[in-house]
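First to last, the protein sequences are chains E and L. Mapping the first sequence onto this note's numbering, position 19 (from 1) lands on 460, and the numbers just tick up by one. Mapping the second sequence onto this note's numbering, position 138 (from 1) lands on 141, and the numbers just tick up by one.
Since the hints were derived computationally from the structure, they do not count as laboratory data. None of these values were measured; they are calculated from a predicted model. We put the beta carbon where it would ideally sit given N, CA and C, even for glycine. Where hints are given, some of them may not hold.
[What the hints assert, rightly or not] Covered by chain L, according to a simulated footprint, are these stretches of chain E (three or more residues, beta-carbon under 8 Å): (1) 529-536; (2) 539-549; (3) 555-568; (4) 709-716.
[Stated by the list, open to error] Partner residues aside, some chain E positions facing chain L, computed with beta carbon under 8 Å: (5) A552; (6) L721; (7) V724.
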Amino acid sequence: MAATQFVVNGLLVGALFAAVAVGFALIWGVVDIINLAHGEMVMLGGYTSYWVLSLVTGNAEGSPLLFLATVPVAIGVLFVVGYALQRTLVSRVIGTDIFLTLLVTFGASIAIQQLALQAWSANPRSIRVAFADPSLTVAGVVVPKMKLVAFVGALVLTALLFVFLKQTRTGRAIRAVAQNPEAAALVGIDVEHTRAMTFGLSSAIAGGVGSFIAVILNIQPQMGLIYTLKSFVIVVFGGVGSIPGALVGGLLLGSVEELVAGFVSSQWTLAVSFSLLIVLLVVKPKGLFGEGVNE
Amino acid sequence: MSTETDDSGLLRSVFPPDQIDRLFRICDAHGWKLILAGAVFGALPPVLGLQSGYYMTVLSEMYLFAILALSWDIVGGQTGYPSFGNMAFFGIGAYTTAILVKDFAVAFPAAFVVAGLVATAFALVIGIIVLRLRGHYFAIATLGVLLAAQQVSRNLDITGGASGKILLETPSGTEFYYLFLGVLVAEAAVIYYLSGTRFGFVLNAIRDDEGKATAMGFNTTYYKTAAWMLAAMFTGFAGGAYSLFNTFIDPQTAYNGAWNVELIAMALLGGSGTVAGPIIGAFGLHTVIEVVETYAVGWQLVLLGLAVIVTVIVIPKGLVGSLREYASQMEYYKHGGMAAADDSADTDDSAAGGDSP
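Same shape as in the complex, but just chain L (with noise of 0.2 Å):
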């Protein structure tokens, strides 16, 4: 501990505890108004000029990307079901979309909305075989639906086989700004409204004991799998909307097994188990494998690979967690520390106890 305390003594003068602390207050009180925050902030672009182009498909990819974490983090960082088939979701949501408008004429928001339901459809029916599983098995049970998923599309008519279906007629791209802004927005909405709610507490206590939980009396299956289909829901729409926004799927595309990665480091990266985590993550990561695709094409997996092990060893707890974490010693110096036990914790403790209320 006293090693630690004076390796951050630099990075404790720069940014005190007590601040951050106090940031994390700010932030949690403020939860509704930084929501509408992020949504007025996301809506301008558009309207102030930046209609199409590179920056504008950038950007939403970046939420589409949040979506995703975000959805992945329900059930994997609040419950605690690490899932490695999201994509599979995803992918239902995107044939669904791209079977809809392509071969039966449906106008894209009616398809859009069913692919939503038809992934959570399959969720139900999946999340009750699957849930009954935990830790190893449940990780690979998941990533065995995604490759099941991704090899029935590969081998279907309708899915158009292995090479894919191609998308011409489809709305604007400043629609699909508007679109995934707007999905982003409600899911970071229903999670925040959740996790103030019985729902999110018990999930979280899933997480924690599953056992404890149960023994409590809670029908954990039943929240696991409403869980599980949330998710499932967020992902169907972003994939609903994404197979037309990119003019074109296939089942590689669709089930890719390397996002399905990318996404679960996101929500490690930023923090899981929390509303901002996630979507910071996959801001932040997207934003690092573009420049990486730009510059140095081919090489944005291996980066992808060395940023979740270092993620995973550094980090374990996210960006957002190591913050409440480092936030919190303000706590531990308040009542006392290491004070006790050592003297030369003494001043730091007056020091860094000074005025917070």
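With the rest of the complex left out, here is chain E (with noise of 0.2 Å):
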């Protein structure tokens, strides 16, 4: 029975990874650029979360709806920190080596890690949900509401992103300069701004995903990193540009932290997800969902 409750543990969680690799995938695809501050954008929106509900109740405690209401203005904030990141940094270096564009986005984030830690100090934080006792028990099978309400959240970001990729004019653009920059400067799009609507969404989502992090985990300053390799080990498994494959990926991975944290011990669950990410990038470098590039 152990083994359920982890592999449940593990999916519910799993798809706050998934939802977060889907951002980091997205900008990957489409402006070619390995984003390493998208966990920050995870960090950040967490702390906006917080901050809101701290403005509003005292002290970061709320009812459920309450909470819910937040996720709307880390999503919004982080899409603004998301399209001036592409705009006044990353812009500079599309096209230059791969080597640089890393270094950028790197250097971005030490720099809002830093600068977070210095106003907020290290302290790990969370947000107290009203209703989060007791939890639900389906067969046997413990499962936390609020960890129940992240999952459907985070599921319903991704599909967000699918549906306003599949169908919006915006979403037709941003395909079209995944496919080709030029051909799509050739048509009238305006790429640049199209990469920063890229990279505003990617963060967006990851700025609401970051939100139910703080309910269900916490949340602190240096977090970032972490999620920031979870989406690459997702993405890689996945396959780049494939959103179904980071889904997968995401709940794949969750529930295989969770299953190394049950039965050895919470210490090694990142050698382990590494470990694996290695062997599948020498034995299946185009990742399991095939060729990669999104149509």
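Take the two lone chains, each set in its own frame, and fit them into one complex as the hints suggest.
Here is the structure:
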């Protein structure tokens, strides 16, 4: 029974990883940049929710609805941050050496993380939501209510992004730029703006997930790197540019980590997931979901 | 192009490109003498009476970072494989000496040599796997190696777990000063020597176009792995000395991800792909970081992040690379420059093209 419980826990958390990874994959696929500051967007999203709630209630505690109301705020704020990041920094290194793009985003990641550390101290914080207890129990498996809310929230965010990319004009522009920036420019798409939109959307979804993470886990300024790396593992696993791939990869990574944490020790999760990543990179570098280009 | 000429008019009259160019030529022609002079100059402070204390430690750390930056550059700058995991070799070297000296009572010099060898052996195993990857994948895989190594050290008993190891009976500060200086000079000499050999040229060829290098019949895997092992050896030596120098080692200091960025920033700031660049970058950036650490504790990493961003955007070729480009404008003007297309450049051409041989 323990294994089922671990897998359920893994799936619940895995959906959050997947939603973060989807944003990461979006930038990678469209702008061809590995955004090493992606995890920092999760962190900032979490803090946005935390501070908004603190401002309203005084102690970062509130009813579920009040908390859910802060999620769009985090999404909006992070959209602006992502858009600005692309416009001010990343656009200057697009098309140069891969290594330079990695360094710029890594530099941004360190700067954001350390500024957050200076501003908010290293203490882990979390948002407490009123109806968190008791947990639901389904066939002997314990499901904390907020984890379920976060799970659904992450899936909704992923689905919204998917629909946005498929249905809207901006979404089509983003996919056009992913396929061929020059041709996209020729048909009148503002490539720079579209790329910045991509960054904004990707950061927004990461920020929304950050809010949920602030409820079910906790947030602190240096949490970002782990989420960036997990996103990378997931994207490599699922194949670059594939949203379903990222979803499956996220759920799988969550399950594997929970199983390792449950049966071995939570100390080993990172080592195990990275060993898996390296094995996967060597054995099947294209990812499980094929050739990768987003259509 | 023409606006650039206007902007740099003052710069050009203070530091004429042909003078810079001449300086580079002198440096290129007397590389060995410069390395020797650096070694002698570096050996002076303890002789002149600086035996221990803050400045001694800072100087030793500067050499340490220069070793790390130079090692990173063998693979990152010369071969074009940007590693974010070099500190794994550092940690392995650090733990090797710490364990040998403390738990097995091995003499430090022997443990130091073993540290370099263990790091090299580890690099061989890891290199065979990760050097098959390129670009983004390589960068993140090496970062993964670093984090996995850190977590392994945190969980093992022999490494002292998360609380680390305290090392009390260590050689004096002066000995470490000379040790770091010695390793740095040796490394600079090796890289300078290699940069003129077939080995060095093949590494640069791999950076420029690995496919073509393979097509020319070079076994690139062999060269990449050898360069990676060379870098690991010197990083392992640095780590091996560092654990006793610091008298304390734990997973956080041994596999310090921030240091990994720091040494990349140093190599890049100075000019990657050169011998002098990483050393200059390490001395410069470490001085700045040390000053910030003294006057504004806690802000040094913010500064590091900003320094990385500014370097990448303003001088992506680094100090040495940008200067070299500036100096080579001389060549450009000598061969006519824009004069053929643009009359206004004519005077500039004759003024700058004066007397260089």
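### Query
Which of the listed hints are broken here?
6 and 7
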